[in-house]
Amino acid sequence: PTFVCRNSFTCVHTHTYIFIFLSVKVYLYLNLSTLFLWFLLLFFFLDTISLARAEEDYNAPDCRFINIKKGQLIYVYSKLVKEKDSGEFWAGSVYGEQYEDHMGTVGYFPSSLVSEQHVYQEANKTIPTTDIDFFCE
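First residue of the sequence shown: 1, per the working numbering; consecutive thereafter.
Treat the hints as calculated values from the structure; they're not laboratory data. Warning: the hint list may mix true and false statements.
[What the hints assert, rightly or not] For lysine-lysine, the following PhoX-like pairs were computed, each having C-alpha atoms within a straight-line distance of at most 25 Å:
1. 70 / 82
2. 69 / 79
3. 69 / 82
Take the sequences, apply the hints, and build the full model.
Here it is in structure tokens:
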């Protein structure tokens, strides 16, 4: 496009507005794209099995797990089958505005520390796991 400038201030001022306008468009596009990807992830790939409430605090020992606080709501996506003497762990993500910095992080937590508030669907698939499913850097 061709711009006609009356003086250098008008030209710089106009270009600044165009830059800001394009920056806002790019920012909105990227954020909407990110939101769309989260929408696809949460609603098509991660089926929520249930909603649980934490009965106790839990500090994650490593990157495979999530921190939970007493009273916090958690979306449950999968339930691991208990083997031998190991504890039973579920995979989920934190829910709630006061925990916004943790929202979207999916990880494991002990099922004994939560109580299910609402079951959306019964867990009916059994999928074997491998060591790579629990890889942590």
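ask   = Given the hinted pair residue 69 and residue 82, is their alpha-carbon gap at most 25 Å?
value = Cα-Cα ~23 Å, so holds.
message = Checking one constraint from the list: CA of residue 69 to CA of residue 79, max 25 Å. Satisfied?
response = Measuring from Cα to Cα gives roughly 19 Å; hence the hint holds.
query = Within a Cα-Cα threshold of 25 Å, do residue 70 and residue 82 meet the stated pairing?
reply = With a Cα-Cα distance of about 24 Å, the restraint between residue 70 and residue 82 holds, given a limit of 25 Å.
Of the numbered hints stated above, none is contradicted by the structure.
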